[in-house]
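Since the structure of chain A is already known, use the hints to place chain B on it.
Residue numbers (the numbering used here), protein chains in the order written: chain A, 1 to 393; chain B, 1 to 297.
Warning: the hint list may mix true and false statements.
Quick look at which bits of chain B chain A covers, simulated, 3 or more residues with Cβ under 8 Å [unchecked claim]: (1) 10-22; (2) 264-272; (3) 284-293.
No farther apart than 20 Å at their CA atoms in a straight line, the calculated lysine to aspartate or glutamate pairs in the EDC-like style are these [to be verified]: (4) A:Lys113 - A:Glu169; (5) A:Lys113 - B:Glu85; (6) A:Lys113 - B:Asp224; (7) B:Lys110 - B:Asp156; (8) A:Lys113 - B:Asp156; (9) B:Lys37 - B:Glu49; (10) B:Lys2 - A:Asp41; (11) A:Lys113 - B:Glu59; (12) B:Lys2 - A:Asp282; (13) A:Lys28 - A:Glu259.
No lab work stands behind these hints, which were simulated from the structure alone.
Ideal Cβ positions, reconstructed from N, Cα and C, are used throughout, including at glycine.
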Amino acid sequence: MVERIAITGLGMVSAAGRGLAANLERLKSGESALGPLDLFDSPRCGHFPVGQFRDALSLPEAPRSLALAEMASREALQGAGLAGLDESQSEGLAIALGICVGGMPETEGSIEKLLAGDACDDSVWNTHECGATTARLAQELGARGATMTLSTACSSGAQAIACGADLLEAGAARYVLAGGVDALCHLTLNGFASLLAMDPEGCRPFDRERAGMSLGEGAGFVVLERESEARARGKAPLAFVAGFGNTCDAYHATAPHPEGEGAERAMRTAIERAAWSLDSIDFVSAHGTGTRDNDLAEGRALRRLFGDGLPPVASIKGCLGHSLAASGAIEAVFSVLCMSAGFVPPNARFGAMDPEIGFEAPRHAEARVVQRVLSNSFGFGGNNTVLCLEAAN
Amino acid sequence: MKLDLPIHSYALATQAELPVPETRHVALGAQGFRARKARLPSLAIALGEALLAEVTLTEEVSVLLGTALGCLTETAAFVENMIAEQGAAPKPRAFTASVHNAMASELARKLGARGECQTFVAGENSHLQTLFAAQAARARGSRADQLVGSLDEWTDYVQRARASCGEESQLAEGGALFHLGSSAGERPPLARILSMGLARPANTASWLASELDPHQVDAVLVQDGDMTLPGRPSFEFRSLLGAQPASGAVALALSVAVLVGEAPAECLGLQLRPRRLAIATRTRFGELGLLVVESAR
Numbered sequence: 001m002v003e004r005i006a007i008t009g010l011g012m013v014s015a016a017g018r019g020l021a022a023n024l025e026r027l028k029s030g031e032s033a034l035g036p037l038d039l040f041d042s043p044r045c046g047h048f049p050v051g052q053f054r055d056a057l058s059l060p061e062a063p064r065s066l067a068l069a070e071m072a073s074r075e076a077l078q079g080a081g082l083a084g085l086d087e088s089q090s091e092g093l094a095i096a097l098g099i100c101v102g103g104m105p106e107t108e109g110s111i112e113k114l115l116a117g118d119a120c121d122d123s124v125w126n127t128h129e130c131g132a133t134t135a136r137l138a139q140e141l142g143a144r145g146a147t148m149t150l151s152t153a154c155s156s157g158a159q160a161i162a163c164g165a166d167l168l169e170a171g172a173a174r175y176v177l178a179g180g181v182d183a184l185c186h187l188t189l190n191g192f193a194s195l196l197a198m199d200p201e202g203c204r205p206f207d208r209e210r211a212g213m214s215l216g217e218g219a220g221f222v223v224l225e226r227e228s229e230a231r232a233r234g235k236a237p238l239a240f241v242a243g244f245g246n247t248c249d250a251y252h253a254t255a256p257h258p259e260g261e262g263a264e265r266a267m268r269t270a271i272e273r274a275a276w277s278l279d280s281i282d283f284v285s286a287h288g289t290g291t292r293d294n295d296l297a298e299g300r301a302l303r304r305l306f307g308d309g310l311p312p313v314a315s316i317k318g319c320l321g322h323s324l325a326a327s328g329a330i331e332a333v334f335s336v337l338c339m340s341a342g343f344v345p346p347n348a349r350f351g352a353m354d355p356e357i358g359f360e361a362p363r364h365a366e367a368r369v370v371q372r373v374l375s376n377s378f379g380f381g382g383n384n385t386v387l388c389l390e391a392a393n
Numbered sequence: 001m002k003l004d005l006p007i008h009s010y011a012l013a014t015q016a017e018l019p020v021p022e023t024r025h026v027a028l029g030a031q032g033f034r035a036r037k038a039r040l041p042s043l044a045i046a047l048g049e050a051l052l053a054e055v056t057l058t059e060e061v062s063v064l065l066g067t068a069l070g071c072l073t074e075t076a077a078f079v080e081n082m083i084a085e086q087g088a089a090p091k092p093r094a095f096t097a098s099v100h101n102a103m104a105s106e107l108a109r110k111l112g113a114r115g116e117c118q119t120f121v122a123g124e125n126s127h128l129q130t131l132f133a134a135q136a137a138r139a140r141g142s143r144a145d146q147l148v149g150s151l152d153e154w155t156d157y158v159q160r161a162r163a164s165c166g167e168e169s170q171l172a173e174g175g176a177l178f179h180l181g182s183s184a185g186e187r188p189p190l191a192r193i194l195s196m197g198l199a200r201p202a203n204t205a206s207w208l209a210s211e212l213d214p215h216q217v218d219a220v221l222v223q224d225g226d227m228t229l230p231g232r233p234s235f236e237f238r239s240l241l242g243a244q245p246a247s248g249a250v251a252l253a254l255s256v257a258v259l260v261g262e263a264p265a266e267c268l269g270l271q272l273r274p275r276r277l278a279i280a281t282r283t284r285f286g287e288l289g290l291l292v293v294e295s296a297r
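Chain A extracted, bound-state conformation (with noise of 0.2 Å):
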């Protein structure tokens, strides 16, 4: 990368509740999020745990996963300094966004009067695409850029950032908000708990005794900028997007490659591309969902690529559950948080290690300075992203 690129602003929300503050707290001390699903009813599926947002929603009118990003959103460009866009910057506002579910949680309904006989409301043709959303976040915005909508499930989020990162590199956009959404909804719940997926007692990721991931919610979104931009408007970066790595497991639909193959090449990239080494690695914020093979093929490609001198690893899944196309961004920002508080995080709900996995994840937060962290998402299909965090000095 010719120059940096700089975060200027972040925001989330999810299963710790609204907002930075609330999440840094949450998240430092380790207590999980998860709790019992009370969205919507749900006979089969209803006893998993889940990482629901139970705060307000700033626009309850509007579908869920815009209602979600929306907020996240917000925060983050008021922390850019851009809460309120001048006519140059909205057209120099682009949106990259990781989504999933899309409107589905409303489709669901449409679809169920359809099957009922009645008529279909026809609202659904307004939300239903992933798309939709886009567009209305840059409408409730003011952002008149581009806008880019990326699916990869689970490395949705951590992707768009990466494509953030491309469109400034382009010189497509002036500032890029850039993050992931999604929302609980019964296709996901009766979806993962169909393939055996969800652990009913709650996701415990790399723990010996872990039985599965549970599902969560939320948003979470970074202002990107080219660093001279930042500093000429008087904004001081908060951290760098350092490097990135998006590489395919090509072995199957949902299984990750048993021994990490596509998620080692992702990191290595990254790291390449970064120019870091690898003992200046402060921690890794591991996808880390709580399933056996997701964790065990993790852990095996941390170990090939750290060897002796694996730096901590952590997943904040146990405490807010997996968000899907929202998760890598909500780890990216939360990544950026542990830079600014100084401290590695815990992995909650960690018990024992797993001799196969063969690291103790961390059970306590641990105050420390954090320059470098790298962020895996390893999504369906093997669809890799990882990115390289770097604190702004």
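What follows is chain B alone, placed relative to chain A:
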């Protein structure tokens, strides 16, 4: 945005009868859910195989695909069954095949493509976003072969839902894939993509005109009639290809065919074979897209 993307091959699938070589045209496949053969991913694979019939790929291959609505067949199968059975007898295969990136992932798996793999879900501009990603990867130094394009399908459920909402326009499905060859030892391309633009301008005509100004295109293929620019030869492609989100990708394939003489210029309303064409698209949410492609022959 300036692009420099060499199109080495193309393949398309559409209900419209287009005068392109049979080797470039892939059958859509029957509608309906089949547990072991997801519809859109299977189409992506068929297009990929048609595209690469005479090609030896480099070691690293990237798959960058777009779709507006994704794998509707499998989504509908899973959700309808979920509702009807109240979650009692789920169809896990339908769920795993319903994710938007299933097309790209399955094509990558079929080809052993372990490079970048991305899926853009941007309505009628999805194909443009795959082109952007391809250019961005090259700018980062990637020398991978790249497969780009966009696919979409309709289902009986969608037809009924649209009818219940009073939507009467003719539906269509299909898409197109393109092979952007690697820069190492490449064969001569058929065509080159020179530029693309994405925006939500206040004035469609002004934006299109300003994007087209630097280029001397022989004609503009427009998605809808109200996008026609005065004084410029235009061809409205949706009336030929039908209302489908991937029509822009199919229009690009048809353009390449005409540019290189594999399809007659008359099918675009032109008398002479063009040298350079533009294709203008628009999402249902008002974002405009434009790309310029020229013959490399």
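Right, here's what the structure says about each hint:
| no. | hint | verdict |
| --- | --- | --- |
| 1 | 10-22 | violated (count 0) |
| 2 | 264-272 | violated (count 0) |
| 3 | 284-293 | holds (count 4) |
| 4 | A:Lys113 - A:Glu169 | violated (46 Å) |
| 5 | A:Lys113 - B:Glu85 | holds (15 Å) |
| 6 | A:Lys113 - B:Asp224 | violated (32 Å) |
| 7 | B:Lys110 - B:Asp156 | violated (28 Å) |
| 8 | A:Lys113 - B:Asp156 | holds (15 Å) |
| 9 | B:Lys37 - B:Glu49 | holds (16 Å) |
| 10 | B:Lys2 - A:Asp41 | violated (50 Å) |
| 11 | A:Lys113 - B:Glu59 | violated (49 Å) |
| 12 | B:Lys2 - A:Asp282 | violated (38 Å) |
| 13 | A:Lys28 - A:Glu259 | violated (31 Å) |
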